[in-house]
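Visitor: One-letter residues, chain by chain:
There are 2 protein chains.
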Amino acid sequence: MIKTIAFIGAGNLATHLALALKHAGYRILQVYSRTQSSADILAKRVDADACHSFAEVRRDADLYIFALSDKALLPALKTLQLKDKFMVHTAGSLPVSIFEAYATDYGVFYPLQTFSKARELDFSKIPLCIEASRTELESELMLMGDKISQSVQLLSSKQRKQLHLAAVFTCNFTNHMYHIGQTLLQEEDIPFDLLKPLIMETAQKVQIMPAKAAQTGPAVRFDEDVIKAHEESLKMHPDFQKLYRFASESIYHLHSEGYD
Amino acid sequence: MIKTIAFIGAGNLATHLALALKHAGYRILQVYSRTQSSADILAKRVDADACHSFAEVRRDADLYIFALSDKALLPALKTLQLKDKFMVHTAGSLPVSIFEAYATDYGVFYPLQTFSKARELDFSKIPLCIEASRTELESELMLMGDKISQSVQLLSSKQRKQLHLAAVFTCNFTNHMYHIGQTLLQEEDIPFDLLKPLIMETAQKVQIMPAKAAQTGPAVRFDEDVIKAHEESLKMHPDFQKLYRFASESIYHLHSEGYD
Numbered sequence: 001m002i003k004t005i006a007f008i009g010a011g012n013l014a015t016h017l018a019l020a021l022k023h024a025g026y027r028i029l030q031v032y033s034r035t036q037s038s039a040d041i042l043a044k045r046v047d048a049d050a051c052h053s054f055a056e057v058r059r060d061a062d063l064y065i066f067a068l069s070d071k072a073l074l075p076a077l078k079t080l081q082l083k084d085k086f087m088v089h090t091a092g093s094l095p096v097s098i099f100e101a102y103a104t105d106y107g108v109f110y111p112l113q114t115f116s117k118a119r120e121l122d123f124s125k126i127p128l129c130i131e132a133s134r135t136e137l138e139s140e141l142m143l144m145g146d147k148i149s150q151s152v153q154l155l156s157s158k159q160r161k162q163l164h165l166a167a168v169f170t171c172n173f174t175n176h177m178y179h180i181g182q183t184l185l186q187e188e189d190i191p192f193d194l195l196k197p198l199i200m201e202t203a204q205k206v207q208i209m210p211a212k213a214a215q216t217g218p219a220v221r222f223d224e225d226v227i228k229a230h231e232e233s234l235k236m237h238p239d240f241q242k243l244y245r246f247a248s249e250s251i252y253h254l255h256s257e258g259y260d
Numbered sequence: 001m002i003k004t005i006a007f008i009g010a011g012n013l014a015t016h017l018a019l020a021l022k023h024a025g026y027r028i029l030q031v032y033s034r035t036q037s038s039a040d041i042l043a044k045r046v047d048a049d050a051c052h053s054f055a056e057v058r059r060d061a062d063l064y065i066f067a068l069s070d071k072a073l074l075p076a077l078k079t080l081q082l083k084d085k086f087m088v089h090t091a092g093s094l095p096v097s098i099f100e101a102y103a104t105d106y107g108v109f110y111p112l113q114t115f116s117k118a119r120e121l122d123f124s125k126i127p128l129c130i131e132a133s134r135t136e137l138e139s140e141l142m143l144m145g146d147k148i149s150q151s152v153q154l155l156s157s158k159q160r161k162q163l164h165l166a167a168v169f170t171c172n173f174t175n176h177m178y179h180i181g182q183t184l185l186q187e188e189d190i191p192f193d194l195l196k197p198l199i200m201e202t203a204q205k206v207q208i209m210p211a212k213a214a215q216t217g218p219a220v221r222f223d224e225d226v227i228k229a230h231e232e233s234l235k236m237h238p239d240f241q242k243l244y245r246f247a248s249e250s251i252y253h254l255h256s257e258g259y260d
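The listed protein sequences derive, respectively, from chains A and B. Counting in this note's numbering, the first sequence runs from 1 upward without gaps. Counting in this note's numbering, the second sequence runs from 1 upward without gaps.
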C-alpha cells in the first residue's frame with residue numbers, strides 16, 4: 001500500500017499532481033528539485049521537506065514519482081541508485097522499460113493534461129494512464145489513480161507514446177493555431193475576444209461529434225479562390241503561409257480519402 | 001427600420017441566423033434556396049414562404065440577407081436585380097464593395113462562428129461584424145445585431161478578411177488537429193475520450209491568458225529527441241509528418257522571435 005511519496009521534480013506537473021495526492025490523503029515526504037526555490041515552494045504547499053541535491057533524497061518513501069524533463073530522467077536514475085524502491089515516471093513518450101536497469105518495481109503514472117503554473121485544475125477530470133512492471137503494482141497505481149481522477153486507464157508504452165503524439169497535435173499545435181490567430185488580429189487592431197466563442201465552440205463540438213463531421217471552412221469545401229487569397233494575405237509570414245497550405249491540403253486529403 | 005427580411009440561401013448559417021432573427025421579433029418573409037427541400041425546411045421553421053427560383057423572390061422585404069457560398073453571390077446578384085433594395089452578405093472574406101454594381105444600400109452582417117446543422121447554438125454569444133455603404137445603414141444593422149447578440153462590432157472589409165483568416169487557423173485547422181488526433185488514437189485502439197479534457201483545457205486557457213504563455217510541449221522546449229521520435233512515428237502519414245515538422249518549427253520561431 002502506498003502511503004508516503006517523494007517527488008523528484010517540482011515543475012508544473014509535479015505541483016498539480018502533488019497537491020492532488022496530498023488532498024487525497026497521501027503524505028508527501030519530500031520534494032527534490034535542482035532549483036532550491038522550486039523545491040522550497042512546492043514542499044511548503046504540501047507539508048514536505050525540500051532538498052536540492054540527490055544525496056539528500058530520503059530512502060524511506062513508499063513511492064518515488066519522477067516528474068522531470070525526459071532528458072533528465074536517466075541521469076537522475078543513475079545518480080540516485082534507488083534500486084529496491086518503487087518508482088514511476090510521469091512522461092507521455094518514455095517507455096516503462098527505461099527503469100529496467102535501475103529498479104525492480106517500477107511503472108508509469110501519466111496525467112494527460114497541459115499544465116501551467118498560474119492555472120487551477122480540477123484533477124478529477126484529468127485522465128491518468130497507468131503501466132507497471134508487475135500486475136500487483138498496476139493495481140496499486142490504479143488504486144492511487146482512482147483516488148484523484150475519475151478516468152484511470154491501463155495503457156501500454158506503445159499506446160501511451162501514440163497518445164502523447166496525438167496530444168501534441170490536439171493541444172500544442174492547436175494552441176499554436178490560437179497564437180497565429182492572435183498574431184494576425186494584432187496586425188489589424190482586432191480584439192482577440194472576437195475569436196474566443198469560436199474557439200470554445202470548436203472544442204465543444206468535438207466532445208460530441210467526430211472531428212470529420214465537425215469540419216467547416218474553405219479547405220474542406222476546397223474553395224480555391226478563398227485559399228489563394230488567404231495565402232496571398234500571408235506572404236509576410238512564410239511560416240504561417242506554409243502551415244496554411246499544408247493544413248489545407250491535409251484537410252482535403254483526409255476528407256477525400258474517407259478517414260473517419 | 002428593418003422589419004421584414006428575405007433570406008437568399010438556406011444553409012447552416014442561414015438557418016441559425018434566421019431562427020435568431022425570428023426569435024428577436026423580425027418577420028422572415030421568404031427563404032430562397034436552389035434546393036427546394038432546403039428552402040421548404042427552413043421556411044417552415046421560421047413561418048416564411050419558400051421559393052427555389054430567383055424569379056419568385058419577392059420584392060417587398062426591408063432587407064435581403066445573402067447567405068450563399070462566396071462563389072454563388074455574384075451570379076445571384078446579377079440575376080436578381082434588386083438594385084433599389086437593402087442587401088447584406090454574411091461572408092467573412094468578401095469585401096462590402098462586391099455589391100457596388102448591384103445596389104445602392106448594402107452592407108455586411110457576418111456572424112463569426114462554426115455552424116453545423118445538428119448543433120444548437122446560443123446566438124447571443126456569437127460576435128457579429130458589421131459594415132455598410134452608409135453610416136445610417138450601419139446603425140440599422142447594429143440595432144438588428146444588438147437584438148440577437150451581445151457582441152456587435154464595426155469592422156472594415158480589410159479587418160474582416162484578416163479575422164476570417166485568423167478564424168481558419170483557430171477553428172478549421174484546430175479541428176483538423178483534433179481529426180489527426182482521432183485518427184492516430186484509432187490506430188492503437190485508444191478511446192478519444194482521453195483527449196477530450198485536454199482539448200477543453202487548451203481552449204479554456206486561451207480565454208484568459210495569451211496563447212504564447214499557454215504553450216507547452218516538446219516544440220516550445222525544442223526537445224529534439226521527442227520531436228525526432230514523433231516524426232519517426234508518423235512515417236506512414238506523410239501529411240501529418242509534414243504538418244508536425246512545420247508546426248514545430250513555427251512554434252519554435254514564434255517563441256524565439258518574441259511575438260506576443
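Watch out, some of these pointers could steer you wrong.
Which copy? The list can't say, so a pair holds if one copy fits it or any two copies do.
Claimed, not checked - Derived SDA-like pairs: lysine to any residue, alpha-carbon spacing no greater than 25 Å straight-line:
| # | residue 1 | residue 2 |
| --- | --- | --- |
| 1 | K78 | E188 |
| 2 | K242 | F123 |
| 3 | K3 | V220 |
| 4 | K78 | F246 |
| 5 | K196 | D60 |
| 6 | K212 | E188 |
| 7 | K242 | D223 |
Because the hints were derived from the structure by calculation, they are not lab data. Keep in mind it's a predicted model, so treat the numbers as computed, not measured.
Visitor: Run every hint past the structure and note whether it holds.
Guide: Each hint, compared with the structure:
1. K78 x E188: neither (53 Å within a copy, 32 Å between copies)
2. K242 x F123: The answer is neither: 37 Å in one copy and 34 Å across copies each exceed 25 Å.
3. K3 x V220: For K3 and V220, neither the intra-copy (53 Å) nor the inter-copy (36 Å) Cα distance is at most 25 Å.
4. K78 x F246: neither (43 Å within a copy, 35 Å between copies)
5. K196 x D60: Neither: 49 Å inside a copy, 38 Å across copies.
6. K212 x E188: So K212 and E188 pass the 25 Å test across copies only (19 Å; inside, 31 Å).
7. K242 x D223: The answer is both: 18 Å in one copy and 22 Å across copies each meet 25 Å.
Violated hints for the displayed structure, listed by number in ascending order: 1, 2, 3, 4 and 5.
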